[in-house]
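**Q** Just so you know, the sequences run in chain order A and B.
For the first sequence, my numbering gives the first residue as 2, with consecutive numbering after it.
For the second sequence, my numbering gives the first residue as 2, with consecutive numbering after it.
Treat each hint with caution, since some may be false.
Identical copies look the same in the list; a pair holds intra-copy or inter-copy alike.
[Said to hold, decoys possible] DSSO-like, lysine-lysine: derived pairs with alpha carbons at most 30 Å apart: (1) Lys137 x Lys112; (2) Lys24 x Lys377; (3) Lys188 x Lys79; (4) Lys197 x Lys168.
In short, the hints are calculated from the structure, not lab data.
Protein chains: 2
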Amino acid sequence: MKINYKAITSPPNKGELTNRLEKIRILMDRENLDYYISFDPTNIYYLTNFAFYVHERPFILIIPKEGLPKMLIPLLEKGHIEQRAILELDFIIYYEFPAREGENWFDYYQKLINKDATVGIESMMPMGIVDKTPGKKIITDLIEEARIIKTDYEIGRTIHACKIVNKGHRVLLKKCRPKVLEFALYKEVTNAMTSKIVQDIPNANFRATQTTAAVWPPSISHDPHLVPHIFTEMEEGGPHVSIVQAQVDGYGVELERTFFLGNVPEKAKEPFEVMISSRALAYNLLKPGSVMSEIDKKVRKFIFEKGYADYIIHRTGHGFGITGHEAPYIAEGYDRKLEPNMIISIEPGIYIPGLGGFRHSDTVLITQEGYQKLTKAPETIEDLTITI
Amino acid sequence: MKINYKAITSPPNKGELTNRLEKIRILMDRENLDYYISFDPTNIYYLTNFAFYVHERPFILIIPKEGLPKMLIPLLEKGHIEQRAILELDFIIYYEFPAREGENWFDYYQKLINKDATVGIESMMPMGIVDKTPGKKIITDLIEEARIIKTDYEIGRTIHACKIVNKGHRVLLKKCRPKVLEFALYKEVTNAMTSKIVQDIPNANFRATQTTAAVWPPSISHDPHLVPHIFTEMEEGGPHVSIVQAQVDGYGVELERTFFLGNVPEKAKEPFEVMISSRALAYNLLKPGSVMSEIDKKVRKFIFEKGYADYIIHRTGHGFGITGHEAPYIAEGYDRKLEPNMIISIEPGIYIPGLGGFRHSDTVLITQEGYQKLTKAPETIEDLTITI
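For reference, chain A alone in the conformation it holds in the complex:
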């Protein structure tokens, strides 16, 4: 049974964010925490809808076990946070960084937490903030934990974000021809996505919005994290490997394909089919209860047995949420079970120096029955061989 979730483009309401806070408080209670402190901008965005970059003026969210969360902010950002935050917050404002003695951010911060309290902190919290935090500190990533299972609202937003990358990828396949420059593709595809974002969400927050598009032509597609030069030319043949990613007003997704321009080199056929089969194997295992490390292990074993052991350089998948890369991980060492309402990538890859890379990636929702692919682009070698 395919569930028909609908795309959502409206901002979260107060209830949605209050529920998220409630999830955190349940986790706090389980660990007997008096406070939980968040400094990570993605976690603060998740709970409040306020997006910012970390800079020298700290923003700190202090969640007591009861009552309004407190947010320590610089004066300069008061209007900005009031414009965007949806969760009800108690603001504590400091003037500047640095400031006169007794008026620094930490002078205010230290008064907000009891000295004998048990305080949960993020593993990403910078040492300079930890150092100023009173109480007994316990590293525990409660907000990352809560973010793993999506609400219906988050699923609707993610479905909308997938429509953006679907469009981007259509433009990419239409414009990608031999001799076209990387930079031209980047511009065309990101402009198409940005235009659609602005049409669909006129009030989109550009601090939580970004778009990326790139193609690795066959001469470099064996090295997927090498950043292509902007004057790189697309080539006849393949494998070309595309990346189209977007964070759409706070929701990160991706869509990636292996494709060919004009013809498929003979040597590329087998690794393409092995990639397709390894992907099919992964999808067959996608259902609540499957252990994520086991999926990765089986996919790797399959690729090993096909003779491509030396060409695996990354895990089978990762989670999506506010960012395009977060927990959960479909990776050996991550022994957790899949649950409904997780959103992950499936992207086993094979990278052969001298021949190229082979990887499709989709954004996939785990459902009660199994899974639902949220991104859409051609998948077969026939459909991905483009007439030039």
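For this one, chain A is given, so just place chain B on it according to the hints.
**A** Only chain B this time, still in chain A's reference frame:
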């Protein structure tokens, strides 16, 4: 005497980066450190020329007091770092995050540092990394310290970056007319800057390159950190406040102006002149030996005495370097002296609800004799009243 520094667009050579490393080792020696550990991507970029985003797969630079620095990296990024890093490094490669027991990043990391060593760490180092770091840890921001005083090469790169924002601001003043949308200005100005960056530096690293442009029309210019809505319209009159910022292949700068379209409202004349005078006062104090907190104090005092005490919401200035916001700070509480080869902003501001904001900002080099403005745009109310 005006020194004529020349713009530089070429990448740093090995000597430049080896000298930067040498600066760090002198500071390490002063604090008796056996190792210094860097996790902050801006610090790692400063020393190695390799730019990246922090994600779940850690990159860690380990600087022993002697011998090659070691860099712990995920397998996937090997090609990428080899493509960009210029400093000679010893790579230690882990497969993935997460990974099987015994093969995680921290299993490798912990073997790289002696248990009884004294280890310097950044105040921005995440607690989850600190927790896995062996030895006696001391929080000390040595690399930020070294970054404050620029080399001739860095000054040359910054001068080039200023040419980019100068161009951006010229386009902005040419295109900004009543009814023009924020989004259109953003696109025109950032496209003009990006095109020039690509022409001047064909191999620019886009992980260390970004451009921003925005105008706060008079209805919102009193609130400088509120992010304007993309469909905000420019207005007749003023004060409009512009921001043009760029990080150009690793060098951050800014140029900001208060300007008027067609006419200057009567009430805006006095605060504009107070802003101009407070700025002149700050420039008069710019020379090696001036204490930065004193400059801020005097500028604030001047604005106070003119009757605008309630309308100051930020410090007088901040440093530039790899980013557009870093130490040193022209702020009360920052009691350090100016030195030649610091690069800072001078931007005292007045923000009056119902009337608007008044702020010019330039990127300024401190020289032996005083200072040299590196950005260039009109400054007087006459030159900044644009015929419509």
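**Q** Work down the list of hints and note, for each, if the structure agrees.
**A** Checked hints:
| no. | hint | in the structure |
| --- | --- | --- |
| 1 | Lys137 x Lys112 | both (15 Å within a copy, 29 Å between copies) |
| 2 | Lys24 x Lys377 | neither (32 Å within a copy, 52 Å between copies) |
| 3 | Lys188 x Lys79 | between (35 Å within a copy, 27 Å between copies) |
| 4 | Lys197 x Lys168 | both (9 Å within a copy, 29 Å between copies) |
In summary, the structure is inconsistent with hint 2 from the numbered list given earlier, while agreeing with all the others.
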